[in-house]
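Novice: So you can see what is in the structure, the chains are spelled out below.
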Amino acid sequence: MKLRSKWLSIVLAVVMIALSACGGGKGDTAGSPNSSSAGNGGAKEPPYELNVAFAAFNAIPSNLKEVQDAINEITLEKINATIKLTPINIGSWTQQSNLMLSSDEKLDVMYVSGRNYTSYVSKGQLQELDELLEQYGQGIKEVFDDSFINAAKVDGKIYAVPSNRDLATNYGINLRKDLIDKYSVDIDAIKTLDDLDGLFKTIKDHEPNMTPLVPQTAGISFVDSYKWFDPLGDSIGVLPDYDNGLQVVNLFETPEYADFVQKLRSWYTAGYILKDAATNKDTNTALLKANKGMGYLVNQKPGMALQDSRSAGMELVTVPLTPAYATTASVTSIMWGIPINAKNPQKSMEFLNLIYTDKDIVNLLDWGIEGKDYVIESGNVIKYPEGIDASNVAYTLNQGFMFGNQFLSYVFEGDDPNIWEEMETFNNEAVKSKALGFSFNAEPVKTEYAAVTNVINQYKMALETGSVAPEEILSDFNSKLKSSGIDKIIAEKQKQLDEWASTQ
Amino acid sequence: MVNQETRAWQWIGHTILWLYSAACILPFLLLFISSITDETTIVTNGYSFFPEKFGFNAYTYLWKESADIFRAYGITIFVTVVGTAVSLVITSLLAYPISRPDLPLRNPLSFFVFFTLLFNGGLVPTYLIYTQIFEIKNTIQALIIPSLLMNGFNVLLMRTFFMTTIPTPVLESANMDGAGVFRTFYSIVLPLSMPIMATVGLFQGIAYWNDWFNGLIYITEPKLFSLQSMLNRIMTDIQFLSTNSALSSQSAEALNNLPSETFRMAIAVIGVIPILLAYPFFQKYFVKGITIGAVKG
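Protein sequence lines correspond, in order, to chains A and B.
Taking our numbering, the leading residue of the first sequence gets 1, the next gets one more, and so forth.
Taking our numbering, the leading residue of the second sequence gets 505, the next gets one more, and so forth.
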């Protein structure tokens, strides 16, 4: 009874707001042209507040409120809306965002991670964006090559738009420059994994306390940081060479996989790979900093070596080992969507459009407040103000790759000022996987999926770091995968891929 | 002969107890030593009781970040103190009536309490009610009320204590002396119930001190993070960033910005110290609770 009366009052309130808004609108058209800006707020439709939730990869800034106010000044003027930024730590993101979505909490714009995307869509938690993009999101469409926006399509419809950043990835090895120089290694001659043997041997012989190759970080195997196939989401059923005529194959049965783990094993027995690579808990740069390693395989983007050099506190150089590829995963890993909770999707889309087109908003979100968190050094390059450095800057998010169009953002001192042009070329020249735009829905085979994932977790790290001899283990691994039903998953994936291909 | 046998038993008993204590204390010791080990030494040599090089970087860093850490500390202390106090009051106020045989509807009430031990509303409905009807998201109440404030198990524990250790004649004599229900409860029952109060208080205190789950679900505002949810956040962030390889070109930098291992250990150390200090005070009541039960049979 009480609940009902509460609902009733809400409905009444909404009706009254709608009525007063209509009345206000009329007033505005007839209103005096010289009304002050303060008066304008009353006459115009009251600004809509958008709750913008996103994942924070770093510490949540202490001056977020100031940044939000600064953004609101712009959005009030441009789209008559204000925003409320709701950052959520990345580790709690899946849980908190799910709760917000399923409890119909007020949420108008949200970050969508590639690995939650299909599940959001199949649960109907995201709104279709095609029409909204057409009407209010032209700025977003102009930023991208069509194939990248289409990569986020599920059943022919767009539910989220990727942020504009490094949309492709190539694999390569980052190496310590001081050691390269010391032993005058010709890194230009290194083109493939096999070419690394000589380098590793030199390092092993001359630096007995150092392991040439260390893992990227905890839980990441060398196959994760050097792929020659489109993982189609999860590496269970893959497309070798990013094409393979759209024939899904079992990665773990391919001769290439056997060769690769064999190669890793030979490196491991020769002492080229960190002994505890399978259980390592440290990040690559921490290992380099501690003089434990000389290099690591990693997925690359322009500027990666510089970025990691800063973390490692030493100069690193990159040797690319594969061309750049764009896959569904590389494009959709960071996106923006409008949840079903959003009551005013038009405004949500207008705001999204702004973070792809408005340089001021992008830089507020990326770098904080000018003069306090950064100062412009020259042109596009910024630096910390006097007395501020990385350890005491208030705006700590540092995740330009997330907020809309990173190419509008300033470049921090020390980075290549032309990085965004390079990144754009990198994206556009990347080889697009034949299955770019396909995402797998594991729902129909979820029992097998869980079983197979368990088997993979059991073997993966040991095999893919060279810690065990692949001869017997690999066949064990494969027979266990078979009995857990990997073939059924691959058949399902093939079916979905064929359906997807027929609609392209 | 007999003497020797006892001595042998003594030795065995002491050895077992020594080993057991060592198994309890050594991890703490390792935690503490790791927190004062030099950062690079940990990466090169791993954890050790006798590190090559000590370093107090973690604690200096902690001191530098003290604004955040101490706020979190303050939140934890506030939540623990207020939560435990309120929880004790309402738990005893429910447990006492249902321990009295003359209370009407006593059994349905007890069953109602018992029922909550077996079934609960599930996460999403609970979240929905707390955030949309009570609107406690991002408030300090969110750390106090959900799932912790009232615990059916504690109510039943207290009820059993009231029923078994407080003799009915004592209550009757109070009644005859003219004490009302509240007076009886306040002047007779409570002073006799210190052991159970201390026990339940300790349970609750620890539950509040260690809780990170409410912080995980209901709090997005960094100003309201408790110490445990801060630590939990650091750990889950590390886990997420390091296992999500699709993001690795983005997450690499974030991963390197996260607090180092020694720092995480240092937070754990300062998080655990107060609760270690609180234990000895409650120990007294614990023992008393057991002996009272033993003597009265």
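Careful: at least some of the hints might be erroneous.
[What the hints assert, rightly or not] Partial list, derived from the structure: chain A residues whose beta carbon lies under 8 Å from chain B:
no., residue
1, LEU76
2, THR86
3, ILE90
4, GLY91
5, GLN95
6, ASP259
7, THR279
Calculated from the structure, these hints are not laboratory results.
For every residue, glycine included, the Cβ atom is placed at its ideal position computed from N, Cα and C.
Novice: If a hint holds in the structure, say so; if it does not, say that too.
Specialist: The hints, checked one at a time:
no., hint, verdict
1, LEU76, "violated, 23 Å"
2, THR86, "holds, 6 Å"
3, ILE90, "holds, 5 Å"
4, GLY91, "holds, 3 Å"
5, GLN95, "holds, 6 Å"
6, ASP259, "violated, 21 Å"
7, THR279, "violated, 11 Å"
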